[in-house]
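Protein chains in written order, with my numbering: chain V, 1 to 81; chain G, 1 to 162; chain C, 1 to 760.
Derived by calculation from the structure, the hints in this document are not laboratory data.
Keep in mind that this is a model prediction, so the values were computed, not measured.
No residue lacks a Cβ here, since even glycine has one placed at the ideal position from N, Cα and C.
Please note that the accuracy of each hint is not assured.
[Stated by the list, open to error] A few chain C residues that face chain G, going by a derived Cβ cut-off under 7 angstroms, partial list only:
no. : residue
1   : K30
2   : G269
3   : M697
4   : I698
5   : I702
[Claimed, not checked] Restraint ranges, calculated between C-beta atoms of paired labels, are given here:
no. : chain 1 : residue 1 : chain 2 : residue 2 : range
6   : C       : G228      : G       : R3        : 46 to 54 angstroms
7   : G       : E21       : C       : I672      : 51 to 59 angstroms
8   : C       : A82       : G       : R3        : 36 to 44 angstroms
9   : V       : E18       : C       : E256      : 38 to 46 angstroms
10  : G       : F65       : C       : G676      : 31 to 39 angstroms
[Claimed, not checked] 20 angstroms max Cα-Cα, derived EDC-like pairs, lysine to aspartate or glutamate:
no. : chain 1 : residue 1 : chain 2 : residue 2
11  : C       : K428      : V       : E71
12  : C       : K428      : V       : E43
13  : C       : K318      : C       : D301
14  : C       : K428      : V       : E68
15  : C       : K428      : V       : D35
16  : C       : K428      : C       : E360
17  : C       : K428      : V       : E23
18  : C       : K195      : V       : E18
19  : C       : K232      : V       : E68
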Amino acid sequence: MARVIFGSALRRYTGGVEEVEVEAATVRSLIKALDRRFPGLGEHLGSGLAVAIDGEIMTDALYEPVPEDAEVHFLPPIGGG
Amino acid sequence: MSRTHVTCTINGDPAEFLCEEDQTLLDTLRDVVGLMGVKEGCATGDCGACSVILNGRLNCSCLVFAPEAEGATIETVEGMAGPDGLHPLQETFLEGAALQCGICTPGFLVAGKALLDRNPDPTEEEVRYAVAGNLCRCTGYDKIVRSILDAADRMGEAAPAS
Amino acid sequence: MTVTATPTTDSQPGYKWVGTRPVRHDGLDKVTGRARYGADLNLPGMLIGAVLRSPHAHARILSIDTSAAQAMEGVKAVVTGADFPMLESGGEGSGEEYYDPRDLCRNVMARDKVLYEGHALAAVAATSRREALAALAAIEVDYDVLPHVLDVSEAMAPDAPILHDDLITEGVDPIPDEPSNVASRYVIDRGDIEKGFAEADVIVEREFVTQPVHQGYIEPHAVVADVGEDGKATVFCSSQGHFMVRSHTAELLGWEPSRVKVIPAEIGGGFGGKTTVYVEPVAARLSQKAGRPVKIVMTRDEVFRATGPTSGSKIRLKVGATRDGRLTAVEGSMAYQAGAFKGSPVSLGCMCAFAPYAIENVLLEGLDVVVNMPKVAAYRAPGAPMASFASETLLDEVAEQLGIDPLELRLRNAAEEGVRSVYGPVYKRIGFKETVEAVRDHPQYSTELGPNQGRGVASGFWFNFGGSSSATVHINEDGSASVLTGSPDIGGSRASMALMAAEELGIDVYDITPIVSDTESVGYTEVTGGSRVTHATGMAVIDACRKVVTDLRARAAKVWDVDVEEVEWVDGRAQHVSGDRAPMTTRDLAAGAAGTGGPITASAAVNARGAGVAFSTQVCDVEVDPETGAVTILRYMTAQDAGRAIHPSYVEGQMQGGVAQGIGWALNEEYIFDTGGTMENPGFLDYRMPVASDLPMIDTVIVEVPNPGHPYGVRGVGEVGIVPPMAAVANAIHDATGLRMSELPMSPVKVLEAIGANGG
Numbered sequence: 001m002a003r004v005i006f007g008s009a010l011r012r013y014t015g016g017v018e019e020v021e022v023e024a025a026t027v028r029s030l031i032k033a034l035d036r037r038f039p040g041l042g043e044h045l046g047s048g049l050a051v052a053i054d055g056e057i058m059t060d061a062l063y064e065p066v067p068e069d070a071e072v073h074f075l076p077p078i079g080g081g
Numbered sequence: 001m002s003r004t005h006v007t008c009t010i011n012g013d014p015a016e017f018l019c020e021e022d023q024t025l026l027d028t029l030r031d032v033v034g035l036m037g038v039k040e041g042c043a044t045g046d047c048g049a050c051s052v053i054l055n056g057r058l059n060c061s062c063l064v065f066a067p068e069a070e071g072a073t074i075e076t077v078e079g080m081a082g083p084d085g086l087h088p089l090q091e092t093f094l095e096g097a098a099l100q101c102g103i104c105t106p107g108f109l110v111a112g113k114a115l116l117d118r119n120p121d122p123t124e125e126e127v128r129y130a131v132a133g134n135l136c137r138c139t140g141y142d143k144i145v146r147s148i149l150d151a152a153d154r155m156g157e158a159a160p161a162s
Numbered sequence: 001m002t003v004t005a006t007p008t009t010d011s012q013p014g015y016k017w018v019g020t021r022p023v024r025h026d027g028l029d030k031v032t033g034r035a036r037y038g039a040d041l042n043l044p045g046m047l048i049g050a051v052l053r054s055p056h057a058h059a060r061i062l063s064i065d066t067s068a069a070q071a072m073e074g075v076k077a078v079v080t081g082a083d084f085p086m087l088e089s090g091g092e093g094s095g096e097e098y099y100d101p102r103d104l105c106r107n108v109m110a111r112d113k114v115l116y117e118g119h120a121l122a123a124v125a126a127t128s129r130r131e132a133l134a135a136l137a138a139i140e141v142d143y144d145v146l147p148h149v150l151d152v153s154e155a156m157a158p159d160a161p162i163l164h165d166d167l168i169t170e171g172v173d174p175i176p177d178e179p180s181n182v183a184s185r186y187v188i189d190r191g192d193i194e195k196g197f198a199e200a201d202v203i204v205e206r207e208f209v210t211q212p213v214h215q216g217y218i219e220p221h222a223v224v225a226d227v228g229e230d231g232k233a234t235v236f237c238s239s240q241g242h243f244m245v246r247s248h249t250a251e252l253l254g255w256e257p258s259r260v261k262v263i264p265a266e267i268g269g270g271f272g273g274k275t276t277v278y279v280e281p282v283a284a285r286l287s288q289k290a291g292r293p294v295k296i297v298m299t300r301d302e303v304f305r306a307t308g309p310t311s312g313s314k315i316r317l318k319v320g321a322t323r324d325g326r327l328t329a330v331e332g333s334m335a336y337q338a339g340a341f342k343g344s345p346v347s348l349g350c351m352c353a354f355a356p357y358a359i360e361n362v363l364l365e366g367l368d369v370v371v372n373m374p375k376v377a378a379y380r381a382p383g384a385p386m387a388s389f390a391s392e393t394l395l396d397e398v399a400e401q402l403g404i405d406p407l408e409l410r411l412r413n414a415a416e417e418g419v420r421s422v423y424g425p426v427y428k429r430i431g432f433k434e435t436v437e438a439v440r441d442h443p444q445y446s447t448e449l450g451p452n453q454g455r456g457v458a459s460g461f462w463f464n465f466g467g468s469s470s471a472t473v474h475i476n477e478d479g480s481a482s483v484l485t486g487s488p489d490i491g492g493s494r495a496s497m498a499l500m501a502a503e504e505l506g507i508d509v510y511d512i513t514p515i516v517s518d519t520e521s522v523g524y525t526e527v528t529g530g531s532r533v534t535h536a537t538g539m540a541v542i543d544a545c546r547k548v549v550t551d552l553r554a555r556a557a558k559v560w561d562v563d564v565e566e567v568e569w570v571d572g573r574a575q576h577v578s579g580d581r582a583p584m585t586t587r588d589l590a591a592g593a594a595g596t597g598g599p600i601t602a603s604a605a606v607n608a609r610g611a612g613v614a615f616s617t618q619v620c621d622v623e624v625d626p627e628t629g630a631v632t633i634l635r636y637m638t639a640q641d642a643g644r645a646i647h648p649s650y651v652e653g654q655m656q657g658g659v660a661q662g663i664g665w666a667l668n669e670e671y672i673f674d675t676g677g678t679m680e681n682p683g684f685l686d687y688r689m690p691v692a693s694d695l696p697m698i699d700t701v702i703v704e705v706p707n708p709g710h711p712y713g714v715r716g717v718g719e720v721g722i723v724p725p726m727a728a729v730a731n732a733i734h735d736a737t738g739l740r741m742s743e744l745p746m747s748p749v750k751v752l753e754a755i756g757a758n759g760g
């Protein structure tokens with residue numbers, strides 16, 4: 001089970017829940033599972049956000065595998081100079 | 001607008017060109033003569049990217065009207081390397097990684113040459129003030145200053161002591 | 001002419017080329033004036049374009065009459081907002097290239113309103129610059145001038161002039177009914193902030209103000225666009241990403257990207273400021289209308305007034321710590337100017353400010369506020385420097401109050417592998433502590449100081465990025481290799497690519513030709529930004545080289561009629577494991593390539609993961625002149641975790657350059673506006689960037705804690721160096737004078753005021 005930790009911005013769509021455990025093989029299935037649990041959340045986890053899996057921040061990561069026991073965060077879009 | 005005919009010496013060769021009365025030497029060197037190594041960073045004399053040696057003195061070519069170059073000798077970065085190879089400043093800039101984006105490099109090389117032409121053994125402080133009219137936004141000047149000092153050393157070793 | 005320089009040989013253990021310092025491959029062109037930058041191309045029949053810009057900070061455009069301009073001799077095309085499709089929000093890019101098409105198209109050419117002084121609203125192409133400028137003067141614009149706002153606090157006030165009638169604050173509950181200038185609110189909320197402050201023995205709190213500053217690249221934006229009879233555009237320009245220019249230009253013209261080919265010029269500095277488009281789509285549309293090539297080169301004045309600086313900010317922060325120096329809680333609010341359109345880097349400021357430390361209780365709010373100045377663009381570690389100016393100044397105050405050495409305070413709280421970052425995720429292997437120790441152990445930290453002199457330290461964090469990159473490697477007939485990538489070389493990246501290719505292929509670094517290819521000659525590659533090139537494009541180069549080596553081994557196996565497993569690749573040669581065959585070099589194998597399967601070439605593409613985060617710790621010694629308030633930087637030293645330095649000279653260069661920009665930000669640089677919202681200092685004389693005589697040598701210590709996410713351990717090095725300087729300088733001024741400076745820039749006037757206010 002992956003552990004998903006929600007930042008303040010997303011807790012608004014989870015009824016204040018800060019952390020959930022989800023069974024998912026990829027980021028895409030993880031988002032689907034989260035959307036089932038918190039209807040409407042999925043659309044806020046889409047293209048604009050970056051995802052961090054076990055500390056590694058990624059963009060365009062829908063097909064990225066989610067390891068068993070991974071810790072997942074969704075972060076604001078990140079750009080550099 | 002009628003054009004002015006200018007005869008001068010550019011990088012050791014006789015040259016002539018036509019320019020407008022109010023055209024800068026910078027624009028003329030770039031767009032008429034074709035010396036694109038002379039760069040424009042500001043056109044107000046504040047960045048030194050367009051540095052040339054005009055009659056032996058360092059100048060921002062954006063602050064000189066092209067007709068003023070009548071009879072003048074002009075040195076640009078394109079004239080620094082000779083048949084025997086690069087100028088020592090060009091060598092030490094390359095070896096010392098004194099350029100990142102490289103847009104300011106021609107100006108620094110010309111300003112460095114103007115310094116070493118009159119002061120072959122400058123101190124670090126003298127180097128820093130000599131190129132204080134040249135802006136570099138990439139390097140923090142550390143490697144540029146070191147490279148100019150290294151070039152002075154190299155030229156001093158090559159030249160017999162006077 | 002040959003390069004006489006030889007590379008120094010200080011390669012890393014286990015590597016032949018990585019860690020050496022060869023002369024960069026593009027160096028010769030750049031010291032002889034031969035390198036072609038954005039403004040260095042002239043084409044036959046080329047027209048000169050110029051842009052009409054708003055004289056008002058905020059106004060409704062009632063009408064634009066271009067008929068007189070259009071009728072003028074030499075004028076071949078005129079465009080206004082009506083010549084470009086109106087795009088709406090959505091379809092954003094990702095990663096480095098996140099943007100909103102609605103805002104981008106309105107920023108490039110104003111529609112119903114101008115939102116800042118310098119906002120483009122029309123453009124002309126004429127046979128000379130003189131005629132183009134005369135035509136601009138003949139365009140008649142009827143404005144309804146509106147009140148403007150620049151200060152974030154004033155922009156958030158209830159009666160503030162509203163920039164966008166459709167801007168509803170994101171990130172607040174409930175969703176507001178009315179538009180405002182607050183585009184979004186971002187919050188980091190972790191742990192129990194009240195408990196954290198209850199545990200604290202000392203609490204410090206302060207407000208900070210910083211002004212907008214510009215990247216200050218020396219090369220103004222420049223483009224030549226040529227739209228042919230087939231309707232296809234060729235665009236030659238300098239940018240941090242020619243694929244970005246292609247996609248943005250095409251989108252803003254309503255075209256498919258394949259209709260645009262972008263040829264990358266050399267780039268004369270960017271620092272984030274050339275990660276978007278301004279004049280490129282305009283030149284293309286003018287060329288399409290005129291049927292001739294069009295060149296637009298911005299003046300320095302235009303660069304300041306119309307391209308993205310980074311945000312000014314107002315920041316309030318509060319930090320709690322125990323007597324023994326453990327940070328227990330941080331709380332605060334940051335408001336950043338976004339410029340005329342949403343999208344300041346304030347969320348990054350919140351995430352980065354305390355990222356070097358292990359802190360359990362965090363409550364930070366970031367507000368993205370639109371104001372009537374140019375839309376901000378990325379600038380080196382966007383958002384982090386101003387936030388870290390605040391946070392690192394407060395840490396200095398905590399250390400002072402507790403009587404703890406400021407580096408020791410940082411070591412006691414230093415984040416390391418396994419620690420949860422302030423922004424959420426848990427760190428992998430990082431080198432923060434090592435940067436602090438490097439400063440502590442450097443001779444500068446124990447050099448004696450004289451009267452009016454002071455020493456300050458500060459640390460900083462930056463994410464670094466991976467992202468999409470492509471590379472192609474060809475083995476030439478003579479056994480040399482060409483390495484093609486899509487990453488503009490902004491500070492020596494060709495040399496890094498060549499070093500990594502030399503390492504993989506086993507051939508001499510000077511037998512590699514690194515090339516920055518146009519948009520039709522190599523695969524898609526994201527911008528040179530986010531400190532991503534050596535990491536991500538480097539991974540694509542390494543992958544492509546490994547494919548080539550696999551192929552070279554297979555060719556040798558074919559020649560020797562042995563199993564490929566029996567062929568090893570050692571030092572640029574195929575060797576048979578038995579050792580009883582003469583090794584074959586790349587030259588041997590290339591010469592026979594036609595008979596073993598054709599030319600030897602391979603491509604690779606990645607969306608690179610595994611970018612390791614970066615830390616820097618710096619120490620600054622200053623002398624403050626009590627008579628004038630002038631601050632002189634006496635000594636400066638910076639330590640940074642590079643993971644693995646591929647070309648150490650250019651790693652040092654990035655570290656030194658970041659410091660110099662940070663010192664400029666700390667002491668002199670700022671946008672100054674008059675009461676009408678007009679920028680008063682749009683030139684290098686009055687926008688005062690550091691010159692050589694302002695700075696000492698900048699000592700560097702490259703710390704190497706390898707990044708587990710890169711084959712050689714590379715971490716991005718381009719950005720983090722600009723994060724600590726403002727606080728390092730402020731803390732040094734405090735050490736010298738006892739004054740806490742909370743506003744940037746710390747110019748002589750401000751320092752003198754502070755001395756006066758202190759009874760000086």
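Here is how each hint holds up against the structure:
1. K30: With a closest approach of 4 angstroms, the K30(C) hint holds.
2. G269: At 5 angstroms from the nearest chain G Cβ, G269(C) passes the 7 angstroms test, so the hint holds.
3. M697: Because about 5 angstroms separates M697(C) from the closest Cβ in chain G, which is inside the 7 angstroms limit, the hint holds.
4. I698: holds (5 angstroms)
5. I702: violated (13 angstroms)
6. G228(C) x R3(G): 46 to 54 angstroms: With a Cβ separation near 32 angstroms, G228(C) and R3(G) fall outside 46 to 54 angstroms, so the hint is violated.
7. E21(G) x I672(C): 51 to 59 angstroms: violated (35 angstroms)
8. A82(C) x R3(G): 36 to 44 angstroms: 38 angstroms Cβ-Cβ, so the 36 to 44 angstroms window holds.
9. E18(V) x E256(C): 38 to 46 angstroms: For E18(V) and E256(C) the Cβ distance comes to about 44 angstroms; the hint holds.
10. F65(G) x G676(C): 31 to 39 angstroms: For G676(C) against F65(G), whose Cβ atoms are near 34 angstroms apart, the range 31 to 39 angstroms holds.
11. K428(C) x E71(V): Distance of about 13 angstroms is within 20 angstroms: holds.
12. K428(C) x E43(V): violated (29 angstroms)
13. K318(C) x D301(C): violated (39 angstroms)
14. K428(C) x E68(V): holds (17 angstroms)
15. K428(C) x D35(V): violated (29 angstroms)
16. K428(C) x E360(C): With Cα atoms ~18 angstroms apart, K428(C) and E360(C) stay inside 20 angstroms; holds.
17. K428(C) x E23(V): violated (23 angstroms)
18. K195(C) x E18(V): holds (18 angstroms)
19. K232(C) x E68(V): Violated: K232(C) and E68(V) sit about 50 angstroms apart, past 20 angstroms.
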